[in-house]
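> Chain residues, written in single-letter form:
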Amino acid sequence: MWHFALRRGTVLLLTLFVVSVVAFLIPYIGEGDPALLVLRARIADPNVDPATLEAMRRQLGLDRPLAIQYLAWLGDALRGDFGLSFIRRAPVGDMLGGALLVSITLALSALLLALLVSAPLGTLAAMRPGGRADTAATLLTQTLIAIPEYWMAPMGILIFALWLGWLPSAGWDGPASLVLPALVLALRPLAYFTRIIRAAMIDVLDAPYITAARSRGLGMTQTVMRHGLRNGAMPVITLFALWLAGLLGGSVVVEVIFAIPGMGRLIYEAVINKDIPVLQAGFVAIVALAVVINTLVDLAYLAINPALRHSHGA
Amino acid sequence: MHKTLILAFACAAAWPAAALAQSGGKIIIAENFAPKAGFALETDDANVLSKAGCLEPLTRIDFDGKLQPSLAESWTQAGPDTWDFKLRKGVTFQDGKPLTAAAAAASLNAVLKVPTPARAFSPRVIKSVEAVGEDIIRVTTPSPSVLTPLRLAAANAGILSPAAYKDGKIDPVGTCTGPFVITRVNGQQSLSLKRNDGYWGGKVALAEAEIKFIPDANVRATQLRTGEADVAGAVPASTLATLKRTSGIKVVTLATPRTTTLLVNVKKPPFDNEKVRQALQLALDLEGIAASVYEGSVQPAVGPFAPHEPWVQKAAKPASYDVKKAQALLAEAGIKPGSLDIEIMAYSEKIEFKDLAAILQDQFKAAGVSARIRLAEYKALEPDMIAGRYDVALISRSHLVDVADPAGYLQSDYGCGGGFNLSQHCDKDFDAKLATATAETDAGKRYAVYADLAQHLQSKAVNVFVIHEAGNDGYKTKVRNYRIHPLYQYTLTKDLSVD
Amino acid sequence: MALEAALPDAAAPSRSPVSPRHSRFSRPHWTLVAGALLLLLVALALCLGPTLAPYDPTAQALIRRLKPPSEAHWLGTDHLGRDVLSRLLVGGHFAVVIAAVTLTLSVVFGTLIGVISARKGGLVDEVAMRAVDLLISFPEVVVAIFLVALLGPGYGTLILALTIVGWTPFARLARGLAIEINAKPYIRAAEILGCSRRFIILRHIIPNAIGPISAMAFLRFGHKMITVGGLSYIGLGIQPPHADWAAMMAEAQPYIERAPLLVVCPGLAIFLTALSVTWIGQGLSQTGDKP
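Protein chains in written order, with the working numbering: chain P, 1 to 314; chain Y, 1 to 499; chain F, 1 to 291.
Be aware that a few hints might be false.
[Said to hold, decoys possible] Selected chain Y positions facing chain P (Cβ under 10 Å, derived; list incomplete):
1) G38
2) Q68
3) P69
4) P115
5) T183
6) S348
7) A380
8) P383
These aren't lab readings, by the way, just hints derived from the structure by calculation.
Beta carbons are placed, not taken as given, at the ideal position from N, Cα and C, and that holds for glycine.
Could you build the full structure based on these sequences and the hints that come with them?
This is the structure we're talking about:
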C-alpha cells in the first residue's frame, strides 16, 4: 500500500511538473506578443511607442531567459501568486479562487441531486433485472445521455423563468439561481450513476452474503439497505469524484448559458481575451485538481480493496 | 472531499441576505460592460463608475448633449492654451473629506501620468493640471484649444478622493462624489450601491441600487421580462418585438452618434482600388439589413453621420443596392468572380454583428466575392485591426467620442496618421479641408465642411457605412425618469426612482 | 477526462465475452436493431444531405426570414431566411464526423497501446499506464478550449483535442481484456507452439477484445458528439456560414418563442443521433452476453 502510494505520489508530482511547464509555455505557443496585448488591452491606440512597449516587457519580466522566467513563475505560483490578470489587473489567484468556489458549489449541487435520484432508481432497477422498472430506468438513462445540455438549459429558462416565473433565468445570486443550472448539469451524471448503481447492486444482490442474510429472514429492503448499499458504494463514490473533477471547467457551456462566474466561463473568456496569466493558472488548477482527485480515488479504492492492486497494474 | 463540501457551504452562506426595504426603493439594472481593469480610470472602467452614479468629473455632458457644470461650477479661458476651473463649494467625497483643488488635481494627474493614458484625456491633449489656490484647477494644453472643458467631461477625468489610491490600486468604495456610494464590488458580477445622503446635488430618490453586469444582450432582455432586472441596457433588436408586446415593459430608443461601419483596409490591395470598394458598397442591401437584423429599428446609413445631424448634406442618401453594377465594377478592376477571398472581422460584444457578418458574407458572394468570418471579442481583434492586418471589419463607431463635434472623429479615423485610422485612409486634400474647419469659428460653415468630407468618404467608399445605430434600453413601467444618455455616461442619477 | 474514466464502468464491460455471465438475451438486443436503423437513417441523411437539400443551406433571403413551414420550405426559414430543412440535412456533418474520427483513432491507438503494454509488461506497461492515469483525468472540454485557443477552431483541432484524452479508456479496457485472455490456456498453447507475439496479438487477443471495445466506442459516441456541439454552441466549433445543429440552436435562441421549430428541429436531430449510437452500444454490450 505505502509502496503504491509513494509511486502514485511520484507520478503525481511528475505530472504537475509537466503541467506547469506546459502552462508556463502557453504565451510562447500563441502568436501574440504578451506585452503588446497588455498595452492594447489598456489603450485603444495604434501608435504604441517602442519605449513604452519595452518598459511594459520589463515590467512583465519578459526580457529574461526562458528558464529563469519559468523558475520565477513557478516560485510565485507555488505561493499561490499567478500574477495579475492582463485584462482585469486583479490577482489571478483571487479570481481563480472565486471561480473555483462557484464551480465546486455548482458541481456538488448537481452531483448530489443526481445521486439522490439515481440511488433509489438504480436499486429499484437492480431488484429485478429485465423487469419493468429496469426497462423504464434503462430507457430514461439512455434518453438523458442523448440530450445536450444546451437544449435542456434554454428550455428550462423558457419554462421556469419566462413562462412560470419561478426561477431566475441567469446569474449567480442566491440559492434560487443555482436550481436551474444544477438541474441541467445533473441529468447526465444521473444517467451514469443510475447505470453504475444498477450494475453494482446486481453484483451485490448476487453475492452469497446477501442470500445468507435473506435466509436469516431479513426483508429485502432491509437487506439492501444494510448490506447492498454499503458494498455497492465504492464504485459510486469513484464515479462521483471523477464527475466532480470533470465538471470543474467541464461545465463551461452551462456556465456560459446561465452567466455563471465559474471556472469554465473564466477560462472561456481568458481564451477569447488572450488573458495569459488566467489561462496558465486555470490550466494548472483544473488539471491539478483533476489529477489529485483521481489519485486520491485510486488510493482509496486500493486501501479498501487490496485485491485490485495486482489487476490494476500497480 | 470534506474540504470541498465545507467550501461549498461556506460559499452558499456567503450569499448576501436579501436587502432590507428602505424608503425610496431599490432598482436593479442589467448592464453590458463589467469593470475589467480594477477601476483604473484611464480605462473603460471609469465609464462603469460614472454610469453607476459614483464617479463625477469637473464638467459634464447632460442628457441633451449640452455641457454643464459638475464638480466645477464655472470655468474661464485664461489664455489660448490655459483654462481655469473653479471648484464647487461644499462638496465632500463620500469618505467625508472635502473636495479641494489639490485633491482634484492629484486625481487628474494620476490618470494623466499612467503609462497607458486614456485617449480622451492623455498628455497628447492635456499638458498639465495644477491646483492654483484653494479652489482653482488650471489645465493647460499642448496647443491652443477651445475643447478643454469638453475634455474634462470625460469619465476618464472623473475625480476620486486621495484615499482611493493605495499601493498602485484604485478603490472606488466610498471615494467618489456622486449620488451613489458603492457598498460592495462583486467581481465582474455586480455592484451594490446605496444613496449618498450627503450628495451635493440634492436629495437622491432611490435608496439602493444594484448593477448586474451581463455581457449577453439576450440574457439582459430575458431578465427584464422575468423581473430579475428593472432596467436592461442595450437590448438586442431581435427582442424588441417581444419586449414591446410584454405588459409592464417600455422600450426607450435613442438615436446614437454611432454608425455601424464596415471598415475597409484601403492600403491593402485590391481595396486600394476605389472600384473594388464601391463594388462592396453596391453589393450590400442596406434596407434589407435594417429591416431584418435590426427589425426595422434603425436607418440605413447615408454616410458616417445620420441624416438628422447638423453636419449632413440634405440630399444624402444610402448607397444603392445593385449587384449587377458591383459585378461590373469588379470586372473593371480585373477581379474574376470567385477569385477574391476576403475575411470579415466582427466582434461578439455587438450581438447583431454575428448575423450582420453572415449577411455580408452572403451578399458579397452574390457579387462574386467569397468571404470568411472571424468572430471574437473586440480585444482579440483589435491588435490586428490596428496593425492593418485585416481586409474588412465591422465596427460600431461613435463620431462624437471625445467631444460633441465630429472633427476629432474625422481627424483620428480618416486623417493621415490619425489616432484611430484603422482604414489607413490618407488624403492631403481631406486633411487640408479639415484643418480649415477646425480653424473656423462659425459653426454653420464648419458643419458644411464636415458634411462635405462625409460625402467624400461615402462617394469614394473609403468605408462602407451600414446603418445608423439606435440604442434600445428596456425598463419596467414602475421605473421613473429613466433616460438614455447620448454618450452612455450616466445611468443612475439622483432623480431615477421606482414606484 | 473524468467522465471518460467513469464510462467504462457505466458501459458495463463486466459483461465481456471472456467472462460470460448469465444471459438474458439470445438474439441481438432490440436496442441494437433500433439503434442501427436510426443511425442508418442519420447516416443516409448526412451522406445524401447535400444532394437532397432543396436549397443551398447557406443561401439567404432576408425578405423571407422566420417564416413558418410552407410548401416551399417544409420546416420554414431561419432568421436570415435560410431553408431550415436544407441546413438540417447538412448540419450534422461537423459533430458526427469529428466524433466518428476521434473514436476510430482512439479505438486504434487505445487498443494497440493497451494490448502491447499488457503483452510486454515491465517499463512499457508502467509508462503507458501512468500516461493513462494522467490523461484520463483531463477534462476534454477544457483541453479542447485550450487547443482551439492555440490552433484555432476546426476539424483538426477538435479531433486532436478529443483524441488526446479519448484513447485512454480504450487502452485501459484493452489491457484488462488482454491480461485476461493472456491467461487463457489456448494462448499458453499458442506460445508453447512457438507462435510469435505479434501473431498472438493479431490472431487471438484483438479479435476477442473487439466486442466490448466497440460497445464502449458506441456508448461514448453520443457524448463526444454533444461535446463538439457544445463548442459550436459557444462559438468555438464550426464557423459560419456552415450549418451545424448545435450552432443552429444557438443562433435560433433569440427567436425561440417566435419560431420554436428553429430550436426544436436541430435539438431533435442531435438527440436522435445520440440516442441511436447509445442504443447500439447498449445492444452490443448486452448481445455480448450470449453464452
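> Now look at each hint and say whether the structure bears it out.
Here's how the hints hold up against the structure:
1. G38: 4 Å, holds
2. Q68: Result: violated, 27 Å to nearest chain P Cβ.
3. P69: 29 Å, violated
4. P115: With a closest approach of 6 Å, the P115/Y hint holds.
5. T183: 14 Å, violated
6. S348: 8 Å, holds
7. A380: 6 Å, holds
8. P383: 5 Å, holds
In this structure, the earlier hints numbered 2, 3, 5 are contradicted, and the remaining ones agree with it.
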